[in-house]
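**Q** Keeping their order, the protein sequence lines are chains V and W.
Anchor point for the first sequence: position 311 equals 311 in our numbering, and the numbering is continuous, going up by one each time.
Anchor point for the second sequence: position 158 equals 158 in our numbering, and the numbering is continuous, going up by one each time.
Worth flagging that the hints you see were computed from the coordinates, not collected in a lab.
In this text, a Cβ means the ideal position worked out from N, Cα and C, and glycines have one as well.
One or more hints might be untrue.
Stated by the list, open to error - Restricting the straight-line Cα-Cα distance to at most 20 Å, the calculated cross-link-like pairs of lysine to aspartate or glutamate (EDC-like) are:
no., chain 1, residue 1, chain 2, residue 2
1, W, K187, V, E255
2, W, K158, W, D197
3, W, K180, V, E255
4, V, K165, V, E111
5, W, K54, V, E278
6, W, K158, V, E204
What the hints assert, rightly or not - Facing chain W, from chain V, some residues (calculated, C-beta under 7 Å):
no., residue
7, E124
8, A150
9, I201
10, N275
11, I277
Unchecked claim - Over the 12 Å line for every Cβ pair with chain W, so calculated as not near, a few chain V residues:
no., residue
12, S6
13, G31
14, G88
15, E176
16, G212
17, C280
18, G302
19, W315
20, G333
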Amino acid sequence: MDRVLSTLSFEEPDRVPFFLLLTTHGAKETGVSVKEYYSRPEYVAEAQLKMQKRYGHDCLYSFYYAALELEAWGGEAIFYEDGPANAGRPIIGNLEEIDALEAPQVSDSPELLKVLKTTERLKEKAGEEIPIIGVVMSPFSLPVMQLGFAPYLDLIYEEPTHLKKLRGVNESFCVEWANAQLEAGATAICYFDPLASNTIIPREVYLKTGFGVSKHIHSRIKGPCVTHLASGRCLPVLADLAKTGTLGVGVSILEDLGEIKEACGKQLAVLGNLNAIEMCRWTPAEAEASVREAIDKAAAGGGYILSDNHGEIPWQVPERVLMDIAKAVRKWGTYP
Amino acid sequence: MENYEARAQTFEEALLSVDRLEAQNLISKELKTCTPFEIIEKIIAPALENLGTKWEMGEIALSQEYMAGKISEELMIKILPENSLSRITSPRLGITTLGDYHLLGKRMVASFLRTAGFTLLDFGPIEPEKLVERLKEEKIDILLVSILMLNLTSKVRKLRTLLEEEGLEMKIIVGGAPFKFDPLLYKNVGADAMVPDTSELISTINRLAGKKT
Ligand code: B12
């Protein structure tokens with residue numbers, strides 16, 4: 001915990017903290033299918049604890065999969081044997097349905113309650129020793145699953161009134177969901193907002209839409225938050241993100257980590273940016289070189305947590321590579 | 001009236017500011033002196049290709065590329081209807097996501113190609129086994145595959161194996177986020193090419209079809 005806290009206060013701890021944001025690997029660990037794995041909160045908790053012990057990384061991750069929030073809204077998740085669940089059919093088919101939309105209560109959603117159970121169990125076991133990272137989808141990004149991507153982009157550009165209405169409903173849900181996780185024992189919330197990235201939405205549009213949402217949400221969440229852009233780019237919006245009240249930002253391999261770190265200064269901590277897709281086929285030498293490069297570019301002065309660039313390590317990444325990453329952090333990440 | 005480049009750029013600017021009316025006025029003006037195909041080839045397609053490059057370089061956002069494609073397609077349908085005989089029908093193109101329910105990439109690529117005057121068959125999010133059955137009946141020269149989820153990229157390999165078993169020959173071009181984050185992935189799954197954005201798509205299609213560009 002201290003290691004993470006010092007880096008977040010822009011001090012150099014004993015070594016660079018690293019987050020292996022493992023999700024579906026827990027199913028392998030437990031020896032069950034991905035679907036079954038996520039049906040039992042204790043599976044997720046036990047697997048998180050086991051994996052943390054094995055790799056020695058600096059967090060526990062209570063995140064299940066993004067489509068879980070859609071399930072809470074009455075939608076469906078589609079499960080795969082060899083990867084994360086995906087969102088099923090959108091729950092909103094036309095504009096009138098936005099008018100009638102009501103946010104689900106956390107306490108009414110069996111899916112969300114499972115995550116809370118996992119969180120409580122992690123907290124029981126880890127206490128104040130290892131930070132527990134919870135996840136929410138930003139109310140500005142969630143509608144991609146609620147409506148489908150194209151209809152949501154149409155809404156952003158052409159239907160400001162309905163956009164506003166949707167934003168209101170989603171905001172109350174997001175705040176309740178984040179605070180419930182904090183209450184259950186999460187140390188911090190990772191706020192997934194890839195639509196804030198200029199890969200997806202231009203800054204001018206973001207400033208009129210998702211920026212206000214994020215600012216509002218951050219002021220109502222009763223704990224520390226870090227914004228993750230899910231491997232979208234961030235340089236043009238870094239200063240804006242800092243103004244939302246977020247503590248740090250999850251960044252992409254699509255941009256230079258050194259440049260990002262410089263632009264963040266002491267305003268935002270940086271989380272990233274190992275390429276989670278190429279990682280599937282990294283040799284030990286490649287894993288070491290990637291870790292070393294990231295540390296060289298971003299670790300000085302603290303304010304840096306090493307992790308992948310998406311906020312989730314794909315199922316296809318072998319255990320051996322994760323071990324190579326862990327070893328490399330210990331070798332190259334010690335602060336003088 | 002020459003200087004297509006400047007006119008393509010003006011059109012591109014209208015698209016980037018999501019100015020439907022201005023885009024429409026520009027095309028109406030062009031129609032007085034150019035054939036639909038000249039407009040497509042010299043103005044609309046280059047503008048969209050340029051936006052593709054800009055997205056890839058991180059200079060514009062996906063939503064801008066999406067809106068630009070949407071406006072252009074609306075304009076195009078008016079000047080060159082879907083069933084127009086002057087559309088490009090060779091090589092025969094198909095597009096699918098091989099079971100990935102993330103359909104935006106496919107939609108944008110299909111829209112771009114239709115706007116550029118091509119015809120293409122959209123197989124939707126069909127699984128490899130079913131697709132091969134369809135491909136026995138509908139001859140396709142080049143199949144475009146758009147996938148967003150890493151685990152689903154292995155379906156390209158599966159498709160390739162099934163095609164070989166059936167003795168069906170065709171080229172496969174893949175695209176989508178995982179292929180961009182790992183530029184070697186397309187080879188590992190047995191595709192013939194990976195195209196990161198729409199700017200290189202037409203030239204890649206022509207290359208694989210053995211046409212000079
Ligand atoms: C925005 C985003 C989200 C949003 C919205 C997702 C959505 N579309 O429904 C949210 C927050 C909901 C989200 C959730 C998830 N995401 Co996400 N997300 C992204 C992000 C930033 C953009 C994705 C996107 O839709 N882009 C728009 C499409 C149209 O872009 P595109 O596929 O690149 O297509 C363009 C070009 O590539 C090209 N193209 C596409 N196909 C083709 C085909 C041909 C032939 C050609 C020529 C060109 C071409 O044309 C398009 C226009 O230029 C990417 C990372 C990134 N930087 O791209 C991750 C990413 C897609 N997410 C990913 C994952 C894993 C998920 C989750 C499964 C996480 C989880 N465990 O729950 C969920 C799935 C949710 C769902 N919908 O089912 C991974 C997928 C790869 C993998 N690791 O398996 C990515 C790639 C991140 C990463 N680097 O690993 N995500």
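**Q** Output the indices of the hints that this structure fails to meet, ascending.
**A** Numbers 1, 2, 4, 5, 6, 7, 14, 17 and 19, in rising order.
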